[in-house]
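**Student:** The chain contents come next:
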Amino acid sequence: MTKSSELRVEIPLESFELANGLRVTISADRTAPIVAVNLWYHVGSANERPGRTGFAHLFEHMLFQGSAHVAANEHFELVQRAGGTLNGSTWLDRTNYFETVPSNQLALALWLEADRMGALLPAMTQEKLDTQRSVVKNERQWTIDNQPYGTWWERLPALAYPPEHPFHHSLIGSIEDLDAASLDDVAQFFRTYYTPDNAVLTIAGDVEIEEARALVQQYFGPIPRGTGRPPLSLRDLPADFGGWRREVVHDRVALPRLFLAFRSPVFGSEAYYAASVTSAILGLKVGSRLHRSLVRRQRIASSASAFTFDLAKSADLLVLDVTASPGVEGEALEAAVVSEVNGLLSEGVSLPEVERAVALITTDYVAALQSAGARADLISKFVTYFGESARVNTQAMCYRDVDLQAVTRFVESHLGPDNRISLLYVSSGDDSNA
Amino acid sequence: MPNDVGAAEQRPTPGTPRSYHFPEVQRHQTTSGIDVIVATVTRVPVVTLHYVIDGGAIYEPAGSAGTAQLTAKGIAEGTQALSGDDIAQRFELLGTSVEPDAGWEELELRSTVMSSRLTQAAALAAEVLTSPAFRADDLARLQHERIAELMQRDTEPRGLADDAFSRVLYGPDSRLGFPIGGERETVREFGASRAREWHERAFRPERMAVIVAGDVEADEAFAVMERIWGSWRATASPLLMPSGGHRPRRSATHFVAKTDAVQSEIRIGHTGPPRVNADYFELTVLNAILGGLFGSRINLNLREAHGYTYGAFSGFDWRRDGSNFCVSTAVRSDATVQAVREIRSEISRIRDEPVSTSELSLAVEHLEGVFPIRFETTAAMTNALASQLIFGLPRTYFDDYREKIRSVSAADVQRVAQAHLRPGDLNLVVVGNAALKEELTVLTDGDLVMEGLAADTEL
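Heads up: the protein sequence lines correspond to chains A and B, in order.
Each residue of the first sequence is one higher than the one before, counting from 312 in our numbering.
Each residue of the second sequence is one higher than the one before, counting from 55 in our numbering.
If we strip away everything but chain A, and leave its shape as in the complex, we get (with noise of 0.2 Å):
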């Protein structure tokens, strides 16, 4: 077992709040002269309003384009100029905002962000939108519809949410509803969601707190606080889905690939530390029971993984995601995949499962905390959904503390027939070059 000591992440914290409602966590390490600035809005595809999927993603795009004191592509020329490196993304419930700087810059990283926090509609124009329309439509080409199972990124929240549910619709938007984006609504959404109040910085790195302390005050202070937004409409979903769902999908690709997803808690809840161990007994590296069961000795996938998509409201998803082996058919593979996920449920996993699984977790948590970039999202992330930084540092613990009982509970309420869905790829037969 890996020690006990060398789980004990002790990152420093220092959190405060602004008068106008920003959170913001200041966490010190010297040892290299970097630092990362990390931004996390509390607002995602969910909060899109009907007609305008896609929006909360095309709207992270206008971020970049200039603010009050900012030219169009001067952010990111003046990030990388200054030896950074910087993106964003959009998910379902928030959008960040990060870069990493060499430590003598943070005042520039810090003064862009409040920038486009506090002033980003003066420099949004109508040119812009449409460049950007455009940029995110071949964005939504080259990642789904130019790809084999480009679609299950959608289809499946489509089968996993119900059809009024706010994780229901597409993230990256339909291309009608990216055609309808208009500047208005890049407006209002500003106004509503962009707002101090909406939105958590993290630093991390090689800072001084009171310096930083000072900067952060002097470029966010003045922002004013946001004048409401509309709550998110995110009532309770049953534990799950009560039921079966399939949908084949005949698409021109090389072989049959399966996705069956199951109901689960909700990230940083106790069950879902056992979710998530669950998740990578089943199909977390080639020691795991899919693969070695179906892709190893069986042959009848070639590959096989699983993995949560750790959202924190609502409802979580844990997917198994297996590809069949060449001359295998669609129904095959499903029926092999099932049959392993009802060997958990008849017989139960063991004790090296959940040890393994553990040790890949905890200590792919710990190598990972080396990037400022990644202790700076991690913490955003547990202010935001948990409004405590210090989860950043019981994290392993609490997937070393998930026990043999633990995941036997889960799986027993999670994993059976009534919580299912599965969404396959067979081959839509000719796959024709010219």
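Source of the hints: derived by calculation from the structure; they are not laboratory data.
A portion of the hints provided could be inaccurate.
As the list claims (entries may be wrong) - Computed far set for chain B versus chain A, every beta-carbon distance over 10 Å:
hint : residue
1    : L136
2    : D155
3    : G225
4    : R287
5    : P302
6    : L447
7    : L497
Said to hold, decoys possible - Now the stretches of chain B that chain A is said to cover, found in silico as 3 or more residues with beta-carbon under 8 Å:
hint : stretch
8    : 65–72
9    : 90–102
10   : 138–148
11   : 173–186
12   : 238–252
13   : 341–349
14   : 370–377
Every residue gets a Cβ at the ideal spot worked out from N, C-alpha and C, and that includes glycine.
Given chain A's structure and the hints, the job is docking chain B onto it.
**Tutor:** Here is chain B on its own, set in the frame of chain A:
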């Protein structure tokens, strides 16, 4: 300390930079002749072990493409005492997964573990590296997995474009014209005898190095490696020689038509100088300006100015020999021809005129400033040290890097652009909708080469 920044509207100026040095490295050789390279970093209690073997795909004789990679994967499939399943369980109980792999020059095995697990992981890695069983059944499974990969590739535009680019650039007579993992006809030829032969010829002390980065003192790491590897002896065997180079290929446009494609995957490029060349730093700056940074000419042109794509970039794929320069992007089908024209014009422009002071400083300042951010983790450090080893870079390479970048001028950039970017030698690959054939024929004055998918799709 940052300067007084004044009002919020005033753009802040940077404070005094704190110095950074690439971690200090200590070197040792085991009694058996294996190089051990150690960088001690104690911030987090992890260690990365990175085994590098000089025995990658470039050494494969004609007709056996994929041998190195299959052999690499094969060593994890079992020893005399342990099955592949046993090996996976043992490594993963230590919290690490081990996926040995092959590159062009090298074979690699990497493992990141909590520091308390170092000795166990190192011992297990040694078993796997020295005593593979290469059971026929296990190797057959690996071959089937590769065939499945190739079937997937044949329906996936990015992979199709990448492999077609290699094929047209280097040709069927060069090893570099085939993917590292081999094609169907070469993968079929693999088996236990080839694996054993490869193992005997590549996995030898004089061809191996172990790189260790993390929470371990150099002395301890040396002691561990000496204990494990000190008495390893390999029997005599013929030397592995790199297979022959490649002949220059005429410039042409190659089209892989795909009936359902909604975008065109484009690759434009030609061969490049060896990794170790006198213009490496100048070429690095050149590439950052041309297509390496988000604010590069090619990306701003195709993405921000024209909205053709989600992203377009250029890069040198460095090899000991047989490098290439490639511009890569996926564009709207209806913008294919325009995108090709824009890329060609950017390549010409950077040769014809010196870059601006602002473009130069963006590239240089970025490459200088981002340097420490590249090496935050033990895995990133060992990757960098492995690269230094594989290409025979100087011991002071990381110490000198930023200074060499700083010294690059606009005149240098133009000089190397003219020397190393050759518009007349550009090969173009398009994987796109079949309907584009006519337009592409016009673009190329009728000189369009139609490419198919890989030959067959059976096992």
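**Student:** Okay, which hints does this one fail, numbers in order?
**Tutor:** Those not satisfied are hints 11, 12 and 14.
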